[in-house]
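Participant: Let chain V serve as the given structure and place chain Z on it in line with the hints.
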Amino acid sequence: MKETTVHTKKTTQEAIKEEKTPLSYIWWFVKNAMIAGFILLLMIKILLPMTGYKWEQEKMVKGSMTIIKAMPNATLSQRFVMKMGVDYAFLQDVRNHTPDTAVILYPPQENFFPKEKSSAFKGEIFNKLFATRFLYPRKIILEKEMATSPYKDKVTHVLIVNGQGYKTVEGYQGSQPVENGILVYKKKTIQK
Amino acid sequence: MTPLVIIGLILTIFTGFFLVNCISTKFSLTEKIGLSFPIGICLETIMMLIMDQLNISMVAKHLIISQITLLVLLSALTFILTKKEFFASIVHSFKQTYKSLNLVWLMFIVLIVGLEYANFSRCMYFPPNDRDSLCAFETVGFVTAQEHTYKGMSLFDAAYYPDSHGSANYTSYAPMLQLGIAYFYTLGAESSKALPGFMFLFFLIAFYGVVKRCTTKTGAAITTFLMMSSPEFIGFSAITITNVIQAVFASLGIIYLALYLKGRSNKDLYLSGILLGLNMWCRTEGIVFIGAAMIILLIDTLRKKTFKISLICLALSILPAAFWYFFMIRNNMTTDSIAITRLFWDSSKMSTITGAMWGLFKNEDYYGITFLIFAIMLIADGWFVWKKKDNIALLSMFILATIFYCLILYHIDYKWDSITNVLQYSSKRFLFCFVPIAWFFSSTNYIADKALRKLDKVLSL
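Chains V and Z, in that order, are what the protein sequence lines are. Under the numbering used here, the first residue of the first sequence is numbered 3, with each subsequent residue one higher. Under the numbering used here, the first residue of the second sequence is numbered 2, with each subsequent residue one higher.
Isolated chain V (complex conformation):
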């Protein structure tokens, strides 16, 4: 008896549920819109003023999308420059002025960032692995490795940064010292 009552009750409820009038659709929409609006307002009032979410909204979403929309067809090189500035442009320049087989004597960190003057460089350009990413397959030898490196006798070029590094270039014959550039090692000619 009880089971039958429950069953009938369920069937009636299901029937009511199935029977949807236009008004029930409108009510559903209004109710949904009100709750959705309330949740959205809550998020705008609570989350957006917080530093982390603010950064996300302004820098990550708006900032990046503005750049992407302004230059949708930028080349890979241009996009690297946007993020890495001089560091990338300089390494790209070195790449363009050296053969794939070049063995480059690479300056230490203090030459990139001398204490006595400001530097155009900003990132980890002094790091051998960092430089390898943009100069490969050229070999890179740091000054500190000159005694032990298997390439110590095969150096073909020397990198000059912030006007430092000439002591390693024998017989430099340029009209004036190069501030930043790549020179052919021991060959008394300037490639750039």
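If you are wondering where the hints come from, they were derived from the structure by calculation, not from laboratory data. Some clues are possibly wrong.
Claimed, not checked - Result set (EDC-like, lysine to aspartate or glutamate): computed pairs, CA atoms no more than 16 Å apart in a straight line:
#, chain 1, residue 1, chain 2, residue 2
1, V, Lys-85, Z, Asp-131
2, V, Lys-33, Z, Asp-158
3, V, Lys-61, Z, Asp-366
4, V, Lys-56, Z, Asp-366
5, Z, Lys-263, Z, Asp-391
6, V, Lys-119, V, Glu-145
7, Z, Lys-451, Z, Asp-391
8, V, Lys-119, V, Asp-102
9, V, Lys-141, Z, Glu-148
10, V, Lys-141, Z, Asp-158
11, V, Lys-85, Z, Asp-133
12, V, Lys-124, Z, Asp-457
13, Z, Lys-213, Z, Asp-450
14, Z, Lys-350, Z, Glu-286
15, V, Lys-56, Z, Asp-131
16, V, Lys-124, Z, Asp-133
17, V, Lys-146, Z, Glu-365
Facilitator: Below, chain Z alone, put in the same frame as chain V:
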């Protein structure tokens, strides 16, 4: 994207999709799709390392052949194991998708899509440019693609790179990301950013799927949006480093183990084992999550006497790391250890670490409201946690993993950098794995689930 990259992407997605189906066809379509790319790319990187060990050159032709072979094997296995169930499960999933929609769900889906569109766009647009990537993963992956070998790569030659075998050096980094990058470059991609981009995109789908299994569709959409908008988490998701990628595997591994302990479905246990194993394939510190998970599983195994399936899960979770260690030792790729292996007590060091970890959990700039909501939900659900053991396994693993993280930081010999620097700049990324777990708990605990079901009822037609 070149045609070969698109073919590679499709093969990767299908490989992962069929592996999940091999475990069980009963996972929802959302879960299967979400897990397809993360698992697929890891399988391919494992294949790459096997090929390298067998001295097979990692050229595009070999990568595609290896992937097709893997795909054929997995799809055949799926059809043999599941027969008609496979197709029936997909049709069923499609039917389920369009039931009981509401505007709140729709609003959050639009928010998720919008935010992910912006995130994916910036990820794909800007090439890898951050320090950690260019001074390790990106360059190693790039050179691997040029030299078609990992073990024989010039960057691991100590004569050319004297630092390559030094403390905490890139040579011994878990290989997933580097090989994934190499995979995309070998196929002709101009940037490696497809890897973090697709990883995060598919993770969102998987996370939505797994949350939806435990609560309502609306709840899953809200949780996924709040989880993904955690500031540092989404910020780092577009960078070619391992932290967010590891978080994908570690968090899902822990969540699936919690689901197994709740629902006793073996499929969740096996998937958890695979995901936890892949978490350590991405970062060695993933051991903390395997450790936490295995302690909880051991307690459960002793009580329920489920030795066989637990052993399978344990084997799955340690196999990738075991293979990597075998590969490293065999090919002389080990580096100086940074771990202090003896027992010692340094109260000042420990308090520095615990203080920093506590500070991180409270940091709203990094993780937004993640841990605040987690704490509120923990208090609100406290009675059910205590009396009904609601989500107790998940919480225990969360706490154990945090303790293990502190212990690892404590046992590191900071000879390459200061402890202050590591805690200040690197450790914020350690908590990424906890972000999805915290949100999963916040939305699936007894109180939240009840509230979300009520909300769904109110919103339904």
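Participant: All the hints need checking, so say for each whether the structure fits it.
Facilitator: We went through each hint and held it up to the structure:
no.: 1; hint: Lys-85/V <-> Asp-131/Z; in the structure: 9 Å, holds
no.: 2; hint: Lys-33/V <-> Asp-158/Z; in the structure: 67 Å, violated
no.: 3; hint: Lys-61/V <-> Asp-366/Z; in the structure: 14 Å, holds
no.: 4; hint: Lys-56/V <-> Asp-366/Z; in the structure: 9 Å, holds
no.: 5; hint: Lys-263/Z <-> Asp-391/Z; in the structure: 9 Å, holds
no.: 6; hint: Lys-119/V <-> Glu-145/V; in the structure: 21 Å, violated
no.: 7; hint: Lys-451/Z <-> Asp-391/Z; in the structure: 13 Å, holds
no.: 8; hint: Lys-119/V <-> Asp-102/V; in the structure: 33 Å, violated
no.: 9; hint: Lys-141/V <-> Glu-148/Z; in the structure: 14 Å, holds
no.: 10; hint: Lys-141/V <-> Asp-158/Z; in the structure: 13 Å, holds
no.: 11; hint: Lys-85/V <-> Asp-133/Z; in the structure: 15 Å, holds
no.: 12; hint: Lys-124/V <-> Asp-457/Z; in the structure: 53 Å, violated
no.: 13; hint: Lys-213/Z <-> Asp-450/Z; in the structure: 11 Å, holds
no.: 14; hint: Lys-350/Z <-> Glu-286/Z; in the structure: 19 Å, violated
no.: 15; hint: Lys-56/V <-> Asp-131/Z; in the structure: 22 Å, violated
no.: 16; hint: Lys-124/V <-> Asp-133/Z; in the structure: 15 Å, holds
no.: 17; hint: Lys-146/V <-> Glu-365/Z; in the structure: 44 Å, violated
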